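> So the sequences go chain by chain: A and B. In terms of this note's numbering, the first sequence has 154 at position 150, counting the first letter as 1, and numbering is strictly consecutive. In terms of this note's numbering, the second sequence has 106 at position 102, counting the first letter as 1, and numbering is strictly consecutive.
Don't read these hints as lab results, they were simulated from the structure. It is possible that some hints are incorrect.
[As the list claims (entries may be wrong)] Sample of chain B residues lacking proximity to chain A, with all beta carbon distances greater than 10 Å (derived):
no.: 1; residue: P51
no.: 2; residue: G62
no.: 3; residue: Q65
no.: 4; residue: D72
no.: 5; residue: A83
no.: 6; residue: A123
no.: 7; residue: A132
no.: 8; residue: R140
no.: 9; residue: L152
no.: 10; residue: F160
no.: 11; residue: M174
no.: 12; residue: R176
no.: 13; residue: Q194
[As the list claims (entries may be wrong)] Below, a list of computed lysine-lysine pairs in the DSS-like style, where the Cα atoms sit at most 27 Å apart:
no.: 14; chain 1: B; residue 1: K33; chain 2: A; residue 2: K33
no.: 15; chain 1: B; residue 1: K46; chain 2: A; residue 2: K46
no.: 16; chain 1: B; residue 1: K33; chain 2: B; residue 2: K63
no.: 17; chain 1: A; residue 1: K63; chain 2: A; residue 2: K33
Fair warning: this is a prediction, and the values are worked out from it, not measured in the lab. Even glycine gets a Cβ: it sits at the ideal position worked out from N, Cα and C.
2 protein chains.
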Amino acid sequence: MPTVIVKESQVAGEVRGRMVEGAALLLAKQGLQATSFSEVLKATGAPRGSIYHHFPEGKDQLVDAALDLVASRMLDGLAQQGGRGAVEVTEYVLGAWRFVLERSQFRAGCAVLAVAVAADSPGLLERAAAIFRAWRSCLAELYVRAGLAPAVAARFATSVIAATEGAVVMSRAEQSLEPLRLVGEDLLEQARRLSAP
Amino acid sequence: MPTVIVKESQVAGEVRGRMVEGAALLLAKQGLQATSFSEVLKATGAPRGSIYHHFPEGKDQLVDAALDLVASRMLDGLAQQGGRGAVEVTEYVLGAWRFVLERSQFRAGCAVLAVAVAADSPGLLERAAAIFRAWRSCLAELYVRAGLAPAVAARFATSVIAATEGAVVMSRAEQSLEPLRLVGEDLLEQARRLSAP
């Protein structure tokens with residue numbers, strides 16, 4: 005009996021996880037409005053009942069979970085860069101976005117940005133803002149650990165997040181890595197200059 | 005009789021212009037999917053018949069016209085910066101975005117970016133890409149005129165467009181000028197450094 009219970013909750017957890025993953029990918033590819041429950045069910049093969057079971061509060065609850073997933077992936081990745089130099093940390097961020105673009109064949113961008121520009125509820129906009137703030141402050145902390153002064157680190161971290169977000173949109177629209185590559189060269193040069201003794 | 009014809013075409017032109025303006029603002033505020041014909045009619049008070057009269061090819065034709073408007077506003081503004089230094093040119097771009105954020109009380113961002121992240125047709129995506137390319141190359145030309153080497157100018161122009169686009173999204177989400185201000189300080193410092201003899 006306990007085994008069955010474990011299995012059931014595992015299956016339920018898997019379905020929920022698959023829906024959240026699916027929603028994150030749909031957000032990154034098609035934006036907020038196109039990420040409907042029916043599209044998520046279609047993309048993930050989850051049964052219709054799982055909507056009400058896992059997301060009784062509606063679509064915003066699913067989008068919120070998808071944003072959480074995207075946010076924590078970046079934060080987990082950044083957490084692993086602790087102790088590295090400013091150039092390596094910056095390279096990590098650039099590489100993460102290059103991976104998103106290449107793996108999706110330029111069809112996906114940033115889910116958080118997609119929600120921010122089309123949010124139809126203050127809750128979702130505030131959620132996107134909180135994620136941008138968390139990324140900035142986590143990145144700034146890494147730059148401080150790499151030897152940058154706190155004010156310089158905060159400013160450069162904001163630039164890195166802003167410039168890569170913008171470059172990902174441009175690279176995706178142009179179906180080319182060029183914008184991200186040019187922006188990356190600029191950011192790495194800045195990182196080198198800022199970390200020069 | 006000719007007077008009447010002129011007046012009629014003026015009125016028609018005004019209605020079309022109002023719809024295009026309205027669509028541009030809706031795109032900047034609510035994104036692509038929320039910019040429906042009915043929302044544009046509601047926001048502009050244009051008569052329903054004007055949809056089929058002015059945009060017989062459908063919504064994409066209206067969005068295309070709105071993107072044209074947004075694109076040429078930036079290009080016209082940039083054209084007036086010819087002969088200025090790299091710092092002043094960069095300040096102009098920052099000021100243009102600050103104006104969009106402040107005038108809309110942080111409710112509007114970039115219509116081109118909004119279309120790029122939610123485009124559901126290759127035509128619209130390609131249109132957004134062409135505008136980003138046009139902005140980049142126009143800005144790069146100004147930097148070359150300001151004395152930067154062509155490769156440096158192209159790279160910095162891409163960074164300025166990417167970083168301001170990203171910063172506008174963040175500022176809008178956070179309902180604060182801070183991200184754009186920090187990114188602006190960084191870009192202006194770069195502009196000063198690049199234009200130092």
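> Does each hint fit the structure? Answer for all of them.
How the hints compare with the structure:
1. P51: holds, 26 Å
2. G62: holds, 17 Å
3. Q65: The assertion about Q65(B) holds, with a minimum of 19 Å to chain A.
4. D72: The claim holds: D72(B) sits with its nearest Cβ about 16 Å from chain A, beyond 10 Å.
5. A83: With a cut-off of 10 Å, A83(B) remains clear of chain A, as the shortest Cβ separation is near 21 Å.
6. A123: Violated, since 8 Å does not exceed 10 Å.
7. A132: Label violated. Min Cβ-Cβ 5 Å, cutoff 10 Å.
8. R140: violated, 8 Å
9. L152: holds, 13 Å
10. F160: violated, 7 Å
11. M174: violated, 5 Å
12. R176: violated, 7 Å
13. Q194: violated, 7 Å
14. K33(B) <-> K33(A): holds, 20 Å
15. K46(B) <-> K46(A): violated, 33 Å
16. K33(B) <-> K63(B): holds, 17 Å
17. K63(A) <-> K33(A): holds, 17 Å
Comparing the model with each earlier hint shows violations of hints 6, 7, 8, 10, 11, 12, 13 and 15; every other hint is respected.
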